[in-house]
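Chains as they are written, first to last, in the numbering used here: chain S, 456 to 534; chain Y, -18 to 333.
One should not assume that every hint holds.
The calculated DSS-like cross-link candidates involving lysine-lysine, where the alpha carbons are at most 27 Å apart (straight line), are [unchecked claim]:
1. K87(Y) <-> K460(S)
2. K518(S) <-> K457(S)
3. K518(S) <-> K460(S)
4. K502(S) <-> K518(S)
5. K460(S) <-> K493(S)
6. K213(Y) <-> K308(Y)
7. K460(S) <-> K245(Y)
8. K493(S) <-> K308(Y)
9. K502(S) <-> K457(S)
10. K457(S) <-> K308(Y)
11. K219(Y) <-> K245(Y)
12. K502(S) <-> K460(S)
Partial selection, computed: residues in chain S whose CB lies under 8 Å from chain Y [what the hints assert, rightly or not]:
13. A467
14. G476
15. F479
Residues from chain S that keep clear of chain Y, each with C-beta distances beyond 12 Å, as calculated [said to hold, decoys possible]:
16. N472
17. Q483
18. A486
19. Y509
Simulated from the structure, these hints should not be mistaken for laboratory data. Glycine included, C-beta positions come from ideal geometry on N, C-alpha and C.
The chain contents come next:
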Amino acid sequence: MKLRKNIATSEAGFIFNPATGDSFAANQLAADILARTKAGQDAAAIKADILERYEVAPGQLEKDWDDLLAQLREFNLLD
Amino acid sequence: MPLSATRPRLTVAVTGLNATDSPGPGVAVIRALRETTDFDLRIIGLSYEALEPGIYLRDMVDRTYQLPYPSAGTAALLERLQYIKEQEDVAVLIPNFDAELYNFIKLEPQLRALGIRTFLPTLAQLDARDKLNLPAFGAAHGLHVPASRSLHHAAELLAAAEELGWPLVLKGRYYDAAVVHTLAQAEQAFLRLAGQWGVPLIAQQFVAGQEINIAGLSDGHGRALSVVPMRKLTITDKGKAWAGITLEDEALLGLARRFAEATKWRGGFELEIMRAATGELFIMEINPRFPAWIYLTAAAGQNQPAALLRLALGLPVTQMEDYAVGKMFVRYAWDLITDHTQFQQVAALGEL
C-alpha cells in the first residue's frame, strides 16, 4: 500500500486529497494505519502489530485490510 | 505614522457590482484590491442597475456611478466615463462583465488619453475564446474542448443532437445553460435561452466529470503570472460555485500556463474545466475576466486583482508560485439595509 505523496492525513482521521479537493473521515484504526504507512512502515509490520494489539483472527485482518485497500483505491488515494 | 499615509492614493473604478445568486465579480475584485499594500485606494463602483448590491456596500465602494448598457455603444460609454473622470481621478478601470468588454477594449486608446488605464485582452483574443469559436480555438492551440455547434433555429436541434449525442448542453450567447435529455426538453430550453439572450445559442457535447475552475492572470507576452485552480463543492441551480476549495494539481496548472503561452493572453481569465473519469481535462468555457470567486486567490496567497492593478499601471509583477492548497470559500447571502433615499439617488441621478 502506497498513499499518494500529497495526501494529507490528520491524527483525528481526516484525509484530504489536494488534487481533487475530496475529504474523507477514517476511523481510529484506519487513521493509525495511514499514519504508519505515510511514515514508511511496511504492511507486514503494521499487520503484525494489529494482531498483537487487537483480538482479531489473521484471516479476518486480511479481509479487512483488503477492504481498506479497495476503498482507498476507489477514492483515488493510492499510487 | 500610519502605514496608509506612506502609500500613494489611487482611484480605481470597478464594474460587476451585482453580487446576486449569479454574481458579477466586482465585489470580490474590490475585496481583493482593498488588501493591496501598494496603494491607498478609493474605489468607484460602476453599475448598470440601481439594485446592484455592491452599490450599497459603502465600506467597500466609496462612490458609484451608473453606466449606459453595453448595447448603447462606445460613444455613450465614453461620454459617461468622461463625466466620471471629471468627478473622480480614476487612474485604472477594471471591467468585469463579458458583455461590456468589447466596448471597453475598443475604447482603450481614448481611455488612455483620458488618463484611465486598463489591462484587457485584445479584441482578437476576446473573439477567439468566444463560445461560438471554442472548437476552432481548441484545435488551433492543441487544447481539449468539447464538440459544439451554433444554433439559430430550434429546427436545428435534432441535427445537433444526432451529431453531439444526448444529453446535450445548450448555452446562451453570454450566460446561462441547460442540460437537456430529449428533443422536447431541448425545444423548451431553446425558447427560454433564445428569448433571454438572443441567438445564436451553442449546442455543446455533454462531458461528465468533476467541475473545476482555474483563475489566472497573464501578462500578454505568454506568461501566466498567477494560476489558482478551484473545485466547486456546492453548485447552485444556475451552475455557480457557492463553495469551493483550492487544489494542487500540476496538470491543471500546466493547462492554464499552456493557455497563457499559446494565446499570449492579456489580463485576468477563468478556465472552466471538466475532468473526465479518465483524468482528461476539457476546457468547457474561457471567461475573459476574473471570476466571482476571485477573492479566494487573494485568500490563498495570490492576489490576482492587486497584481492586475500593478500591470495596468505598468509596474512589474513577479510570477507567483505558491498558494495555500485546501483553502475554501463558502458564499453566503446577507440582507444589506439601506434607505429609499439612497436607492432613489441611484435610480434618478445615477450616482451615489
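Now the hints, each set against the structure:
1. Distance restraint check for K87(Y) and K460(S): the Cα-Cα separation of roughly 49 Å exceeds the 27 Å cut-off, and the hinted pair is therefore not satisfied.
2. The hinted pair formed by K518(S) and K457(S) meets the criterion: a straight-line CA distance of about 18 Å does not exceed 27 Å.
3. For the proposed pair K518(S) and K460(S), the alpha carbon gap of about 25 Å is at most 27 Å, so the pair holds.
4. With a C-alpha separation of about 12 Å, the suggested pair K502(S) and K518(S) falls inside the 27 Å cut-off, and the hint holds.
5. Between K460(S) and K493(S), the direct Cα distance comes to roughly 8 Å. Compliance with the 27 Å bound is thereby established for this hinted pair.
6. With a CA separation close to 12 Å, the supplied pair K213(Y) and K308(Y) stays within the 27 Å bound.
7. For the hint linking K460(S) to K245(Y), the alpha-carbon distance of about 34 Å lies beyond 27 Å, and the restraint is violated.
8. Pair hint K493(S) plus K308(Y) holds up; C-alpha atoms about 23 Å apart against a cutoff of 27 Å.
9. Simply put, K502(S) and K457(S) have alpha-carbon atoms about 15 Å apart, close enough for the 27 Å limit, and the pair holds.
10. Proposed proximity of K457(S) and K308(Y) is supported: the alpha carbons are some 26 Å apart, at most 27 Å.
11. At roughly 31 Å between alpha-carbon atoms, K219(Y) and K245(Y) are farther apart than 27 Å, so this suggested pair is violated.
12. Under the criterion of a C-alpha separation no larger than 27 Å, the hint pairing K502(S) with K460(S) is consistent with the structure, at around 22 Å.
13. The beta carbon of A467(S) is not positioned within 8 Å of any beta carbon in chain Y (closest approach about 15 Å), and the interface hint is therefore violated.
14. For G476(S), the interface hint holds, since its Cβ comes within 8 Å of a Cβ in chain Y; the closest pair sits about 4 Å apart.
15. Proximity of F479(S) to chain Y is violated relative to the hint, the smallest CB-CB distance being about 13 Å (cut-off 8 Å).
16. A beta-carbon of chain Y comes within 12 Å of the beta-carbon of N472(S); the shortest separation is about 9 Å.
17. Every CB of chain Y lies more than 12 Å from the CB of Q483(S), the least distance being 23 Å, so the non-interface label holds.
18. Separation of A486(S) from chain Y is adequate, the least Cβ-Cβ distance of about 18 Å exceeding the 12 Å criterion.
19. With a least beta-carbon separation of about 32 Å from chain Y, Y509(S) lies farther than 12 Å from that chain, consistent with its non-interface assignment.
Checked against the numbered hints listed earlier, the structure breaks hints 1, 7, 11, 13, 15 and 16; every other hint is satisfied.
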